[in-house]
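*Asks:* Next come the chains, spelled out residue by residue.
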Amino acid sequence: MKLTVNGTRHDVDVEPEMPLLWVLRDELGITGPKYGCGIAQCGACTVHVDGQPVRSCQLPVGDLDGEVTTIEALGTPDALHAVQAAWIDHQVAQCGYCQSGQIMTAAAFLEVNATPTDAEIDQALSANLCRCGTYPRIRAAVKSAAARLNEA
Amino acid sequence: MGRIRTIARRSFLIGSAALLGGVAFGAVMYRRPHKNPLPEQLVAGEAAITPYVLITPDGITLIAPRADKGQGAYSVQAALIAEELDVRLDQVTVDPGLPAPVYYNTALASDLLPIRSTNTNYLADLARRVADAPVKFLGIQITGGSTTVPDGYDKLRHAGAVARETLKAAAARKTGLDTAQLTTKDAHVVLPDGTTLSYTSLAATAAGIEPADAPALRDPSEWRYLGKPMQRLDMVAKSTGAQEYGIDVQLPDLLHAAVRLNPRRGVVISHDATQAETMRGVRSILPITGGLGVIADNTWRAMQAAQAITVEWGPAPYPAGMDAHWQALSDSFTKEQIDSQYRDDGDAAVAERPITAEYRAPYLAHAPLEPINATALVTDTRIDIWTGTQIPRFIQSNISALTGIDTDNIHVHVQMIGGSFGHRLEDQVVRHAVELAMSMKGTPVKLTYSREEDFAQDFTRQIAMARMAGSVTSGNVETCDLGIAMPSIIASQMGRQGFPAAGPDTQIVAGAWDQPFDIPNYRVTGYRAPDLAPISSWRSVGASTNGFFHDCALDELIHAAGADPLAERIRLCNHAPSRKVLEAVGEMSDWGSDMGETRGRGVGFCLSFGVPCAVVVEVTNSAQGIRLDKVFAAADVGRIIDPVNFEAQVSGGVIFGMGHAINCEITYADSAAQQTNYHQYEAMRLYQCPEVTVRGLENGDRIRGIGEPGVPPAAPALANAIFAATGQRIREMPFNKHIRFV
Amino acid sequence: MKYLPLAILLLFPLSAAAQDSEGLEAWDRIYQVTAHPRCANCHVGPDNIPVWSGPSLGAPRPHGMNITAGDSRIGAETLPCAACHVSSTQPNDTPHAPPHIDGFWQLAPVEFEWFGKSTKEVCNQLRDPDRNGGRSFVELADHLKHDAFVAWGFNPGGKRQPAPFTLRDHVNDVLAWGVAGQPCPGD
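Chains as they are written, first to last, in the working numbering: chain A, 1 to 152; chain B, 1001 to 1742; chain C, 2001 to 2187.
There could be a bad hint or two in this list.
Listed next, with one range per pair, are the computed distances between beta-carbon atoms [claimed, not checked]:
hint, chain 1, residue 1, chain 2, residue 2, range
1, A, D11, B, A1324, 51 to 61 Å
2, C, E2022, B, G1314, 57 to 67 Å
3, C, T2089, B, V1742, 34 to 44 Å
4, B, A1242, C, P2091, 29 to 39 Å
5, A, N113, C, P2091, 31 to 41 Å
6, A, H10, B, D1531, 46 to 56 Å
7, C, D2142, B, A1324, 56 to 66 Å
The set of hints was computed from the structure by calculation and includes no laboratory data.
Remember, it's a predicted structure, so these values are computed and weren't measured experimentally.
Backbone N, C-alpha and C define an ideal beta-carbon position, used for all residues, glycine too.
My request is simple: use the sequences and hints to build the entire structure.
*Replies:* Take a look at the structure:
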């Protein structure tokens, strides 16, 4: 089975029902997307498929239709995505385990809404669970990232 | 991270301070008199070096032996060393090191018992504490009890200072100058003429020098890092997907494993894995303690196969349903079951006590977002374990008992932890991983619990019940008699580590008996309920339930007295730093200002882990339910090391406390936890999260940790706010059993 | 012969009264389907918020996680429904996972609002081409036969309670109701 992840073409020998998350993590060694719940309750596994946010624990790899981007290719320490830069500025992460998914969800959201209201931020990101309680900083960082994207 | 493992294998922990061209500095080095016979008592692997600072020609490594589970422990430990060592944090590598006796945590134990810091004999030290200490487990290398900063505050700065002075001595030897002429800056020794010698270039010389005497620590007024906003070291990695957690460990030929465990924590009576064995990728299925393990070539395949096993489970060693659990608590308020009565002021027993109330707090899962996991590589002579843990030395001891391999040959590589809240104070997953890896010698096996197994197998927060009887007179609280019943957390937790716990368990009354109030008749009695479902430490431990009980009881009495909730707490308070945090939240929230008909404001307070923390919550009673609007929190840790992280810990703690109070519980039916995943255990989500404003105060006499103290006052502040907005007293968590939330 | 051929109904026309009575009986069964949480939860009004209700979800409440599908009815403005409700041909057998279909998850158009509406209201909606997608009853029946959502409603997977009756019964009821002249309660 062939798939494109972060611009690289891969050929994996897996059953079509295997969730994309486990193809990424255990077959390709791409561990930025996290396993948290397996039932789309936490959002830690969020990746982009052709720019759209997808909980990779829910998507059977056989049903994948598009190119996958994970947190590793959203930006890098040397070339941060605006959302990542805002996350660092606001020191959002505590344990950090949910933050790949938070950032991927936020980045996709800001692509469609570059000037979100507080209410819209709460609508876009409430399906991503953070057990440490970093929510106030997540809100602040999304706003900063939006401002940064609008400047660019 | 990572470099230390290579170095360690080569030379680091083999019994000498001198490395291959490098030097390691530790605080104990200078504390130990030269005549100390201790080095002779050391066995192999218990090195005489006690390193926090490792300098080689290749670089500088700071050792941070307290586990980082999201609270920023690595960063704060590194900053404490760096402040005295004169290095920038971008010039060093931070590594958790390998478990060693010298990394004993002395902070919380020193609150509770006399301790000889010179004795590093692991078992003797442990045995003494088991016999003497109410909180026995805190003496060994353990991360917990909000102790990382109090434990390391002097120790780590000393280690930095000793290293700095030794490097200056090395520079003096090399240049012929006097150390008094030398200064240090940014990982260099600076000569009088301005030329510099890097620390790394001095490593070989320093290795041959006896570590310098401990110089006086710098006055806080001279600090460059401590006390100022810091950038956490893990922030870039955690924002780019580069941070590796235990669950991400990758090794050559790694196999993946899953478990199917008895949801009642009993035995396996029979099982049929015929179908599972035929499933793709499955290498083997074997019995492990309490269930079955599947080793496969992919975690998902292993989990699928584990689900395909049919099993007949044995019964549980605790009651089947919640009625029996609550009944056991209810029946425990007897004279025979009194565990402690550390506070008994005035005449609470015989005073008139017309006001009564009963409170309940349920079992709660830890449920950090990283499911527990461990990777093990077993050979005939050594075992390597990669896992996020707060108890690396216990793991060595337990795995040694399991395998017969000496603890010296059990290497625990501590990983970054994706949240714990006390979950990683248990090590069942490590035992399971080793049991599986023993069947695959030479091949590393990574075991990941499914989220469902993580919930089912959690050693939860205690269940607890409290009864208050009190009275008021002329506008003041006169009598508060609070009884609290719960099983012993410490007995359950330490029992799994093989240590019986004798004597009272202070956690049964922690956060209640020790509150800084003068009430004329004031008594707090702990009742020890029988062991029920297994329980463990959950962020803030006893105070997570008792802070709710005590503060809500006080609020009810204050209301009955017709007094102002904040003013009466301040009037009753006998501890200046506590009074100041109460005054602070009053000021922050503009306490007393009009809020209108549908809104309410409540205050909560708890002194836990030596930290007074006050919280004011504002809510609206909307048509959709209770909405949390704003939270104001103030806490006093004596001295704030990093104001940015302080704010995160207080804010996170309050949100954690409120989220669980609103909608979380673990209930048992047929002795199995009914909550299987986050859809039944949401706690707080973004849209429910209020604005949180935090203020840090520094009036306390000692430095304290802040990981836990934000939790206990959060739930009572919310309950008291709901009362203010609706007139409804909620005496049981989770609150959503009694009132609807937005 | 999966579906009752229309021709048979047309060959043996019943009396008007009998037709009306049988039509209303068919409608009553149709309404049991449209009012069932499995179907009604995503046929919601202009607040664009799907509902969680039914045997496994309890008393009606807004979809958890503060979800809104937006005016787009697919969540395009904030979080796409498809972020969790992926498009997949695999069976829906993971307990408590969001269900999926082989298609794009979304709310029904707002003019198809059913949740909480009376039998009379929904009936009048369904026979009004302005509020049923411009469909004759035959076209409605045909739509039901081919729509992935409808198929899922009757076979939701796992332990989810399906919509009542069967898809075949439901299509036949729509046909019978149509042949009877699409009678509604209160006509």
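*Asks:* None of the hints should be skipped; say for each whether it holds.
*Replies:* Quick rundown of the hints versus the structure:
Look at A/D11 against B/A1324: about 56 Å separates their beta carbons, and that is inside 51 to 61 Å. Taking the beta carbon of each, C/E2022 and B/G1314 are about 58 Å apart, inside 57 to 67 Å as hinted. A hinted range of 34 to 44 Å holds for the C-beta pair C/T2089 and B/V1742, which are about 38 Å apart. Remark: the range hint 29 to 39 Å for B/A1242 to C/P2091 is upheld by a beta-carbon distance near 36 Å.
Checked against the hint of 31 to 41 Å, the C-beta distance between A/N113 and C/P2091 comes to roughly 35 Å, which is consistent with it. For A/H10 and B/D1531, the Cβ-Cβ distance of about 51 Å falls inside the hinted range of 46 to 56 Å, so the restraint holds. In this structure, C/D2142 and B/A1324 meet the distance hint of 56 to 66 Å, their C-beta atoms being roughly 57 Å apart.
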